[in-house]
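2 protein chains.
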Amino acid sequence: MTRQWFEYKIEQVDGHARVGTFQTPHGGISTPVFAPVGTQATVKSVTPAQLEEIGASLVLANTYHLYLRPGENLVAELGGLHRFMNWSRPILTDSGGFQVFSLSDTRKVDEDGVNFKSHIDGSTHRFTPEKSIRVQEALGADIIMAFDECAEPDQREYSEVAMLRTHRWLERCISSKMRSDQALFGIVQGGIFPDLRRQSAEFTARQELPGYAIGGLSVGESKEDMHAMIEVVNDILPKEKPRYLMGVGSPEDLINGIWRGVDIFDCVLPTRLARHHGAFTPFGRINLANNINASDSSPIDESCGCYACRNFSRAYIRHLILAKEMLAGTLVSIHNLNFLLEITRQSRQAILESRFDRYATEFLNRWHTHTESEGSNSRDQL
Amino acid sequence: MTRQWFEYKIEQVDGHARVGTFQTPHGGISTPVFAPVGTQATVKSVTPAQLEEIGASLVLANTYHLYLRPGENLVAELGGLHRFMNWSRPILTDSGGFQVFSLSDTRKVDEDGVNFKSHIDGSTHRFTPEKSIRVQEALGADIIMAFDECAEPDQREYSEVAMLRTHRWLERCISSKMRSDQALFGIVQGGIFPDLRRQSAEFTARQELPGYAIGGLSVGESKEDMHAMIEVVNDILPKEKPRYLMGVGSPEDLINGIWRGVDIFDCVLPTRLARHHGAFTPFGRINLANNINASDSSPIDESCGCYACRNFSRAYIRHLILAKEMLAGTLVSIHNLNFLLEITRQSRQAILESRFDRYATEFLNRWHTHTESEGSNSRDQL
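Sequence lines, in order, name chains L and H. Heads up: the first sequence begins at 801 in our numbering, then just goes up one per residue. Heads up: the second sequence begins at 801 in our numbering, then just goes up one per residue.
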């Protein structure tokens, strides 16, 4: 069995879009896939049973957060992350790179690693590529990420410095990795600069890893820049390996990513939006707290089959929001997550039937009727 | 079918304890029963599906809260409370009496009713017995409660005044009731004074209602006083009708109430305690935030079969608490509610097998090994 782990079998290609299956020790992941984010070893306000019910396969957790609290050794002692958070399907851990650069109070980078202060209590810590891998091995996810340096995407000089260091750190991640039951993905950096992205994709692809990620996007750049960078990178990354667009995204970002050959996505947007009363519908986002929903007996989305839409009216959910009841966050999170998972299911079907272009075009036309295009810019993961 | 509604069939008596079934338009309620409290038309932090899974039958909602927000007419317009909150099993609504006297900022009682200010926005409102019934008829619960005046339990003079007014108001509730598919329960008041309780029980029993409640307890009086009042009242209330001890209680209060012939209980304690990290175990309450649970791989309660105990360690739940994750409240609420429901299931079984005395004694001995006896005093329902 071991030999089959981390094989990526592509079943169908439609333009740049692909349908495949990535094998892990905790089962196969059908791609394109959206991974709900469980930053602190829990997808906020939903239970694992509710995640299973909506068909989630891959779940993401954050090395930075779990290293700080409760600590990777405790998680290991309790049987690893799967057992700790009661998720028997695949898990991916981020390396902590992004969080060290976006969340910690102060940080100081040197060639060897980064000193940073905990956002929780200000205590001082140090991550190196080796340390990140050791922590991720203790946590025990199926997919682990290389430790990267995240620059501001529009600062060319720093983008290049950070990219080159990310390459050197990738080699150290590969060297220090011990467990054979975890797939290490490299991360392509390079900001919004096509030549840097090309250089980074070429370097990273040469490492012959089981999968590749595109980092440093969805952090404030324009949609055009994001799409251009995905195209540049995916043109170089090996077609036979899964590509993971980190921290993305919104429904339209998923469609646009799949269109450009992305296989894996993760984002806090569906659950964060839910806690702020925002819900996805085929016609765009709505704010359930709005007065227009006060006596609306229809569900969030008539076409949706999730627990929230099968059983509760917009009026009821608005009541929960006004009454500050936690069930609101739970119900809307279930719906929003299911909405993104349903996009991946429909995309897979459309790709298998060689009609993804039409599906994507129709989806985006409907989506834009009611929603302003917004930057998803939602990768910060507190 | 209509004729069978609100019949109470007693299947077995063991001392004062009884097992029975109370028929409602939304199905039978096996007693003794514990009703989770869904103050604002949601049992805090759990879904109806999770309530069904732990075997809840009767759920309580609050007239005072739902009248203020979202308003009883909106609930009626949306198909009534069952449909609004997606609970297809029986529902009981409190009359608003207790909340008017405990939650509203100012209140002024006259013979006809009570003026009060909303705890939400300070707006002025008036409840009368007729108004409470009208609101409860709009909400559409299976069991509705008479509008009562709640005095401080140890003030004799006011207890008598309030009790006598509660009696006159009960007659008006009975006269103004229109719907035949709702059972109106009268409420016995009288503070901690046996003669007043006797007088109130006798008056209330004469109204020949489908069920009777004991109000004004678990509001700060001693356990001895509470037990004495239950005994005085249940000695007078008709044996063939269900008795509901309002706002109670803790595990030990349930046992002590069942022992004295109580059939129905409700309390916010299990869910409120859960949000403050407290969990029931057979050996008493524990605080899951305590350091002793930091690396404990065992569940809250080894003997419990709930979703939380089947799947999560104390260490994980403590992590969720420290990380301020909502899943903690959900998991501990599921457990605490299931714990009380399991007490009612075990009590029914023990009564059916004529061994309730032994069951109750053993339960209380175990329970008191680790827990100080505490007043449950937890009927305020915000």
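A couple of the hints might just be wrong.
Note that the list lumps identical chains together, so a pair holds whenever it fits in one copy or between two copies.
To be verified - Heads up, simulated DSBU-like pairs for lysine-lysine below, C-alpha to C-alpha not over 35 Å straight-line:
1. LYS908 with LYS844
2. LYS1039 with LYS917
3. LYS1124 with LYS977
4. LYS1041 with LYS908
5. LYS908 with LYS1124
6. LYS809 with LYS917
7. LYS1124 with LYS844
8. LYS1124 with LYS931
9. LYS1124 with LYS809
10. LYS1124 with LYS1039
11. LYS931 with LYS917
12. LYS908 with LYS809
It is worth saying that the hints were derived from the structure and are not from the lab.
Hints, verified against the model:
Taking CA atoms no more than 35 Å apart as the test, LYS908 paired with LYS844 passes inside one copy only; the shortest distance there is 31 Å, against 44 Å between copies. For the homomeric pair LYS1039 and LYS917, neither the shortest alpha-carbon distance inside one copy (39 Å) nor that between copies (67 Å) is at most 35 Å. In this assembly of identical chains, LYS1124 and LYS977 lie within 35 Å of each other by CA distance solely across copies; the values are 32 Å between and 46 Å within a copy. In this homomeric assembly, LYS1041 and LYS908 come within 35 Å of each other (Cα to Cα) only inside a single copy, at 34 Å, whereas the closest approach across copies is 73 Å.
Taking the shortest alpha-carbon separations for LYS908 and LYS1124, only the inter-copy value of 29 Å comes in at or below 35 Å, while the best intra-copy value is 41 Å. In this homomeric assembly, LYS809 and LYS917 never come within 35 Å of each other (Cα to Cα): the closest approach is 42 Å inside a single copy and 66 Å across copies. For the homomeric pair LYS1124 and LYS844, the shortest alpha-carbon distances inside one copy (16 Å) and between copies (10 Å) are both at most 35 Å. For a Cα distance limit of 35 Å, the shortest separation of LYS1124 from LYS931 across copies, 26 Å, qualifies, whereas the shortest one inside one copy, 41 Å, does not.
Taking identical chains as interchangeable, the C-alpha atoms of LYS1124 and LYS809 are never at most 35 Å apart, the minima being 46 Å within one chain and 40 Å between chains. Proximity of LYS1124 and LYS1039 under a CA criterion of 35 Å is satisfied in neither setting, with 48 Å inside one chain copy and 42 Å between copies. Taking the shortest alpha-carbon separations for LYS931 and LYS917, only the intra-copy value of 16 Å comes in at or below 35 Å, while the best inter-copy value is 59 Å. In the homo-oligomer, the alpha carbons of LYS908 and LYS809 never lie at most 35 Å apart, since the shortest distance is 41 Å inside one protomer and 74 Å across protomers.
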